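Asks: Going line by line, the protein sequences match chains A and B.
Residue numbering for the first sequence follows the numbering used here, starting at 1 and increasing by one per position.
Residue numbering for the second sequence follows the numbering used here, starting at 1 and increasing by one per position.
In case anyone wonders, no lab produced these hints; they're calculated from the structure.
It is possible that some hints are incorrect.
Any copy will do: because identical chains look the same in the list, a pair fits if it lies in one copy or spans two.
[Claimed, not checked] Distance condition first, Cα-Cα at most 35 angstroms in a straight line; then the derived DSBU-like pairs of lysine-lysine:
| no. | residue 1 | residue 2 |
| --- | --- | --- |
| 1 | K190 | K207 |
| 2 | K181 | K37 |
| 3 | K2 | K207 |
| 4 | K79 | K207 |
| 5 | K37 | K190 |
| 6 | K258 | K2 |
| 7 | K37 | K48 |
| 8 | K198 | K2 |
| 9 | K70 | K261 |
| 10 | K32 | K79 |
| 11 | K181 | K48 |
What you are looking at is a predicted structure, and each value in this text was computed from that prediction instead of being measured.
Listed below are the residues making up each chain.
2 protein chains.
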Amino acid sequence: MKFRRSERLIDMTAYLLEHPRQLVPLTYFAEKYGSAKSSISEDLGIIKETFEQRGIGILQTVPGAAGGVKFYVQVSEKKARAVIEELCIIMATPDRLLPGGYLFMNDIIGNPAIVQEVGRLLASAFARKNIEAVMTVATKGIPIAYAVANQLNVPVVIVRRDSKVTEGSTVSINYVSGSSKRIQTMVLSKRSLAEGSKVLIVDDFMKAGGTVNGMINMLEEFNAELAGIAVLVESENIEERLVDEYLSLVRLSDVDVKERKITVSEGNYFSYKE
Amino acid sequence: MKFRRSERLIDMTAYLLEHPRQLVPLTYFAEKYGSAKSSISEDLGIIKETFEQRGIGILQTVPGAAGGVKFYVQVSEKKARAVIEELCIIMATPDRLLPGGYLFMNDIIGNPAIVQEVGRLLASAFARKNIEAVMTVATKGIPIAYAVANQLNVPVVIVRRDSKVTEGSTVSINYVSGSSKRIQTMVLSKRSLAEGSKVLIVDDFMKAGGTVNGMINMLEEFNAELAGIAVLVESENIEERLVDEYLSLVRLSDVDVKERKITVSEGNYFSYKE
Numbered sequence: 001m002k003f004r005r006s007e008r009l010i011d012m013t014a015y016l017l018e019h020p021r022q023l024v025p026l027t028y029f030a031e032k033y034g035s036a037k038s039s040i041s042e043d044l045g046i047i048k049e050t051f052e053q054r055g056i057g058i059l060q061t062v063p064g065a066a067g068g069v070k071f072y073v074q075v076s077e078k079k080a081r082a083v084i085e086e087l088c089i090i091m092a093t094p095d096r097l098l099p100g101g102y103l104f105m106n107d108i109i110g111n112p113a114i115v116q117e118v119g120r121l122l123a124s125a126f127a128r129k130n131i132e133a134v135m136t137v138a139t140k141g142i143p144i145a146y147a148v149a150n151q152l153n154v155p156v157v158i159v160r161r162d163s164k165v166t167e168g169s170t171v172s173i174n175y176v177s178g179s180s181k182r183i184q185t186m187v188l189s190k191r192s193l194a195e196g197s198k199v200l201i202v203d204d205f206m207k208a209g210g211t212v213n214g215m216i217n218m219l220e221e222f223n224a225e226l227a228g229i230a231v232l233v234e235s236e237n238i239e240e241r242l243v244d245e246y247l248s249l250v251r252l253s254d255v256d257v258k259e260r261k262i263t264v265s266e267g268n269y270f271s272y273k274e
Numbered sequence: 001m002k003f004r005r006s007e008r009l010i011d012m013t014a015y016l017l018e019h020p021r022q023l024v025p026l027t028y029f030a031e032k033y034g035s036a037k038s039s040i041s042e043d044l045g046i047i048k049e050t051f052e053q054r055g056i057g058i059l060q061t062v063p064g065a066a067g068g069v070k071f072y073v074q075v076s077e078k079k080a081r082a083v084i085e086e087l088c089i090i091m092a093t094p095d096r097l098l099p100g101g102y103l104f105m106n107d108i109i110g111n112p113a114i115v116q117e118v119g120r121l122l123a124s125a126f127a128r129k130n131i132e133a134v135m136t137v138a139t140k141g142i143p144i145a146y147a148v149a150n151q152l153n154v155p156v157v158i159v160r161r162d163s164k165v166t167e168g169s170t171v172s173i174n175y176v177s178g179s180s181k182r183i184q185t186m187v188l189s190k191r192s193l194a195e196g197s198k199v200l201i202v203d204d205f206m207k208a209g210g211t212v213n214g215m216i217n218m219l220e221e222f223n224a225e226l227a228g229i230a231v232l233v234e235s236e237n238i239e240e241r242l243v244d245e246y247l248s249l250v251r252l253s254d255v256d257v258k259e260r261k262i263t264v265s266e267g268n269y270f271s272y273k274e
C-alpha cells in the first residue's frame, strides 16, 4: 500500500514527536510507506523547515549508512517567553498563599498541559547535551521529571524519603536540608541508576538547594555524573545557596503574608548557558 | 505569511497531538495560516483519515458556529496487542523477582516511552467518556496517571500517605489495605479536587484493591463520582477482590519464588466494555 506525501508528512510528524532523540533510519520510513528514500528525504526536508519555523524543534540529519534523522525539542524564544510569562502570572495569584508563607502549587503541578510545557522548556536547554537519566525526589518533582525525560528519551530515577520493599536493595544517605538545617535521609534503589550515568537533576522548587545537594551526593554513591540541574521555581533571598549552576524558569522574590502578595519574576532561563 | 498545505499538515498534526480532547475552532487554524476555512477543512479531512488509518486517534468534527475539531487518542487494536504483548514479556523477566515474591518495577515505570504507551492505551478506553480528573496515590502511580491525564486533558489529583504543609487543608481517611488487612491512612488536599468531579482512578498495581477502594472512599468525601478504574497490572489469585469493574493491561497469575518464574497474561483490556 502506497502513501501520498500528505499522509506521510502527517504520520512522520506524529512518529518523530513521539520518538525524540532517537535515530530513525530513512529506511524505516521508506519501508513503512513503500516509498523511495529520495521521497522520504524530501518529506523530512519539509518537516525540518516547518518544525524550525513553528518553534517545534530541530530535525537533525545524520548522513551515511548508519544515518537517519533525530528530532530534538527546541522551544522558540518567543514561545518560551510566553510560557514563562504565563507561569509568573499564575504563580503570583495570592490565593495560593498558605499559612506560614508556603505556596499551594498543586493546581500548577497537577495540570498536565502546564507540566508538558515546562518539560519541553527545560528539555530544550539540555536536548543536545549528553544526558542519560533524569533524577528527581518524590513527590512533587516527579511529573516535571517525566515531562523532561519524555523529551530527552531517557529513564527517570526517583529518589525517595523512605525505602520500600518493591525497590529492592537501596543506597541511603543523610543530608542537611538547606533551610531548616535538619538532617534528613534519602534513599535510592540500587538497580534504578546505572554506574557512570550522566544525570540531569530536576525538581519543582529550590530554596537553598539542600535537597538538590543531597541528590548530588547520591550521584557520587553511584559514581554517576551531574550533567545539569533544572527547576521550575527558585526562591530568591537565600542566605547561602548550596548549589551553583542551575536552570530555573521562575524566580520567587518575595512572599508578603500580611499584604497577601507574591512577587515573582522570570528565572535564569534566557541567560543560562552551559 | 501564507503557508503551503504540506506545512499546515505538519503544524496542525503537532498542534492536535499536543491538545487532545480540546475543541479547536477552524478559525484558529485559518487565522494562524492565513488560509480559507475551506482549505483548513480539507486539511483536517486528510489528517482525520491518516490518524484513523495509522492508529493514532480520532478527529471529531463539531459542526456549527461554535464548532471545530477535537482530537481523541485511540490506539488501534493491532497496536494495543503489540504493546500489551511486549509488556507481558518485560513483566515476566525473572530478574525482577525480589525477596518475598515482590516485583521490581522501576525499570518499567521509570521508562517514559513505556509509560507514554501505557497512558495512550488506558486513555483510549476512556477518551470519549466524561472524565474530569485522574486520581492516583503517591508514588508509583503518578507517572501513569500523568500519561493518561495528558491524553485526556484533565488535571491529576494525587492522594498521599501523609499530609504536607504545601497541601493546605486536607481530608484524611482510614482504609483497610486489601492484602495485609491493616488500617492505613490516606490524605487529599481539599483544593485538589472540585466537588462533583467525574474521576478516573489510575494505579500501577492492584492486588485485592484496598488502595483503590480507599480512593473510592476518598471520592465520597468530595462528593465526587467514580468514572472508571484503570491499572497497569492486576494480580490474580486474590481471595476477595474489593473492586468490581476495572481495566487492566497485564494480569499477574503467579510468582514462583523457588523456580524464579513469573507468569503473566494479558489483562481485560480487550474484553473491557463500559
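Asks: State for each hint whether it applies.
Replies: Hints versus structure:
no., hint, in the structure
1, K190 <-> K207, "both (28 angstroms within a copy, 25 angstroms between copies)"
2, K181 <-> K37, "neither (61 angstroms within a copy, 61 angstroms between copies)"
3, K2 <-> K207, "neither (56 angstroms within a copy, 47 angstroms between copies)"
4, K79 <-> K207, "within (27 angstroms within a copy, 45 angstroms between copies)"
5, K37 <-> K190, "neither (44 angstroms within a copy, 57 angstroms between copies)"
6, K258 <-> K2, "neither (68 angstroms within a copy, 52 angstroms between copies)"
7, K37 <-> K48, "both (16 angstroms within a copy, 26 angstroms between copies)"
8, K198 <-> K2, "neither (42 angstroms within a copy, 43 angstroms between copies)"
9, K70 <-> K261, "neither (45 angstroms within a copy, 39 angstroms between copies)"
10, K32 <-> K79, "both (33 angstroms within a copy, 15 angstroms between copies)"
11, K181 <-> K48, "neither (50 angstroms within a copy, 57 angstroms between copies)"
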